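Student: Protein chains in written order, with my numbering: chain F, 1429 to 1760; chain L, 113 to 439.
Because the hints were derived from the structure by calculation, they are not lab data.
Just so you know, not all the hints are guaranteed correct.
Each computed SDA-like pair below joins lysine to any residue, with the alpha-carbon atoms no more than 25 Å apart [said to hold, decoys possible]:
| hint | chain 1 | residue 1 | chain 2 | residue 2 |
| --- | --- | --- | --- | --- |
| 1 | F | K1534 | L | F287 |
| 2 | F | K1573 | F | S1639 |
| 3 | F | K1535 | L | I143 |
Some chain L residues flagged as far from chain F (calculated, every beta-carbon gap over 10 Å) [unchecked claim]:
| hint | residue |
| --- | --- |
| 4 | I145 |
| 5 | P214 |
| 6 | L252 |
| 7 | G326 |
| 8 | A428 |
For clarity, every value in this text was computed on a predicted model and none was experimentally measured.
Even for Gly, the Cβ is constructed at its ideal location relative to N, Cα and C.
Take a look at the letters that make up each chain.
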Amino acid sequence: MKRRTFTSVVVGLSLAASMMGTTAIAQDNMRIALVVKALGIGFFEAAAEGAEEAAGELGNVEIIYTGPTDTTAEGQIEVINSLIAQGVDAIAISANDPDAVVPALKKAMDRGITVISWDSGVAEGGRQMHLNPSSTDLIGNTIIKLAADHMPDGGDVAILSASATATNQNAWIEAAEGFLPNYEGVNLVATVYGDDLSDKSYREAQGLMASHPNLKAIIAPTTVGILASCQAVTDAGKIGEINVTGLGLPSEMAGCVDSGATKSFAIWNPIDLGYSATMLAHAIASGAEAAPGAEIPMGRMGSVTLDDTNSAAMSDPFTYDSSNIDQFKSIF
Amino acid sequence: MTTSRNIPDRLRSPLEQSLKSWESLLFLVAIGIFIANSFASPYFLNAWNLSDATFNFTEKAMIAFAMALLIISGEIDLSVAAIIALASTAMGAAVQVGVGTPGLVMIGLSVGLLCGAVNGYLVTGLGLPSIVVTIGTMSLYRGISFIVLGDQAFRGYPPDFAFFGQGYVWWVVSFEIVLFALIAVIYAIILHMTNFGRAVYATGNNVTGALFSGIRVGRVKFILFLLTGLMSGVAAICLTSRLGSTRPSIALGWELEIVTMVVLGGVSILGGLGSIPGVVIAAFVMGLVTFGLGLLNVPGIVMSIVIGALLIAVIALPRLWSMWRTH
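The following block holds chain L by itself, in its conformation from the complex (with noise of 0.2 Å):
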């Protein structure tokens, strides 16, 4: 620094900033929630039960990322659960004529990456709302599933592609996990330290100012829909290595968790806002309290309330918080 500098660095201190940031608030949920479990269960603080209970979202997690920086970009892909079961059933279809385990991979993530492309054309190409397009493509990818299983399942996986949804790495620390903190790492460095994530929050904030600054605002959302449909594709692998077998079922209803995830993460459903560390907490926040309540054998109906109160009552309280410091 060899000038000197009116303009404070910061207009609050680092820790201040910090403190009283969304991902403080999430996290000191979280720890309620984990105290909470914890007198509520005596089952609760047991290794191999925690890592079980990462199982509940891990594989959610990893397309929450992607779909993180997709809905800051100001975009939404609700096709997301449907990719998973076009993914599952392609794999499910190539293990029928005897494809290996990395041959299932690499199918796995070509058709989740073909069907983010799909998605990415059909918005970007032609200029269609997302959030129409993807409700198009919901329809679409699952639809193909269900002509091609009907009400048949595709099994018979290799054992050793049992690995990537059963498998640990060490002790209880099962495959998923480090994928899921790996892939968490990956999207935090790119959201946060390159130059492509900071195009991803100009697009979300301000489309047009976007472009005027040279950003190439179709292409970063055509690679952040490849992304998401290329985590669809990690997940499906995961998800059908665990369940051992393909069903058009797979994954229903899950492209409203992941947004739930996301949003609870922090990220503005209007875009331009977010944080990766945000949709780690909110992994947890929601994995520890289905876990928790499922402990205490809480009717799955009881947790989507709970879910949906929680997701409503931290997006609200910073907004009541700031209401009363006014008045």
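In isolation and in its complexed conformation, chain F is listed as follows (with noise of 0.2 Å):
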């Protein structure tokens, strides 16, 4: 008896299954899905607000701001399934799996969907498109600059780096150190290595000021090492006299923008991310070709150029100061 029902779910499903055939709907809106690596993430959340002011510009546009539950590259491809099938026009993605992603959009790319990566990007052979935030060059020459740009005598600046083997780190630093020679009177002294640690990046500074009593800014192109660098700083009694700067979470930098520690400090700007890929996914969706060379346009952020892997950066750190930390200290 048992047996039997099973029997029957098999063919009542095989039944309706032969039933269908493709639905045609129509639709006058393209639909861009943004698929994010967890809901309930404050960058993320702020990216989805890009996408719909990307989307409010462009018109009959809409957004599917959707992603799973937890980081996890399965619950990616769960939704990733549910776009396919109710073929979206574009999934924009940041993956949590740069590889594991890749069948499920050869998939939705099979069907006919546009898929670009941005952020946390995707495999070549998965997307037509990867959007970095910044570049290496960009990071490099916007860390030397935050510290100039309150040094108009020059001086001595330092780097508070992650660990010595970090690679995102040693390859900014060293695009940085290339860019040097472009302001005048900028020295740079000292590179040390805090191992993201908060009480090892602390000792450093620490040391830094003990080492290079001129010191004028310490860089921390680390979110680690920049607050803590603001903590030592602050302990140590020289706000004023130097100035803590680099990559931080806004979140986390609010305050040491407010006791004056920091000026300025910089990270990609989620809202301008989440507005190109919008941008970008919208362009190739309508025909732009996708392809080492090519130019493609996203609206208020101008436009990018694909490189050999079809891979562009958006644009220069946004860099935050007193007159827009308040705004983005509750976002991520």
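Take the two lone chains, each set in its own frame, and fit them into one complex as the hints suggest.
Tutor: Right under this line is the structure:
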């Protein structure tokens, strides 16, 4: 008897399946899905805000903001499958795993859906293009400029990085050193490593202040290092003498900006990122070709040129100071 | 039949029994969800979409069948998702030294069996409670995976390995759904048509009674742990093939979804009661609910709430019904 129930499920499902063809659905709007690593993360909520802004500018665009509950590849694949089923026009994804989502995204592309990745990229075979928030050169230049902007007469600066083997930070520092000659009077006197540990970074910052009495700025291209340096400078009573800058999160840096230990710092702006990803997805879904060397417009953010791997960098990191920190500190 | 019987074969007619069964109730729920989905989203009634939707549950259901037998026997295995992670990591490591698809399948199945054997030995050999043992091995197996991989991934699986998780046997019929159906039939036969199946029920209903009836209870349970490990190995092969890469966070949290599927299928968490067709329908119910809600772009956390509510509702309904009838 029980087996009969099982059989009828199978028969029922296959009957239902055989009666269906592909249902064509008339749609006026272009539907762009913004797939994030997980829902409920401030950074991505802000990106969704940017996507809505882009949709408003473009008109006739519907944003589907979605993602799994936790940051797993399996969760994102389920989301991608349901987006394929809905026949969305484009998927813009920040991937939890650059490889695991590739088969699902390939399937999406096979069914005519435009796929781009942003923020956290997808391996080349699984997307038409990838939008990096920024590039090594842009970040390298920005971190030096942030320090130089507040040193009209020049002076000594030091870098407090993450670990000596951190790929990202090393590339940024190397780029920064290359841009140094453009900023007259700015001397890089030391580069030290806090290993992205709060206490070690704090001690390294103290060491920098002790060994370089004329230090004007500490540049920390890491969110842990910049916060620890700000603390060290504050505790040493050197606010106003030494400016702490680099890459940080607005929510963590708000106190430092308020106290004046940090005049300005930078990080990519998630609103701009969501906006640009939506603009690019819309452009490619409307027929723009995503190929090496192609230039694709993205509204108020200008345009990007794709490199050999169909990747592009959005812009300079966004600068945060006392004028805008209150607006962003609640976002991420 | 040469002798006449005084005792009736059944207390109720087969038809009545089947209509009032848990499976029929669940089947009605499945039909209801299917119909509701067709009305809620214009994209639901599409052969390819329904085929895609089956991937939401096939791998979990493969383990759920073995888990159903284990729970019926009065034990549980919470390390299944961690076994997937370990088996997948072992296969990924083998790929790095150039092992081909047949070798990978063997490795996946062997690691699954080995993990199941460890669980089985700790529970039946040392007499430890299975819930404690498998919570421990859950951390152990996934921990090894994390030590091996850290934040890295194994990739580069051979192209023909992709068939298990991405291949289609015919039109929209995927390899996974065929394997799912095959495994369902095998487990239904094992549980409902063999002596071993009777022994599983007996063990779950009354361990002492079973022991005194000559059932080698320890051996039955050990075999069930082996089977659960083996099925986790099978699921690891399918999932790894579908993802094309291995990270230590693979299949994180699946153990609870699998137990949910088993309990929703009418298997008593106290043991001794349950059927494979029930688990099959429960797999479809969970797959249809998550896919239907996904089509409406309902956030994942709301889906978890719906699945939880569904579980409680389906289990509470018969109880409420009988309470209402007796009053």
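Student: List, from low to high, the hint numbers that the structure doesn't satisfy.
Tutor: 3
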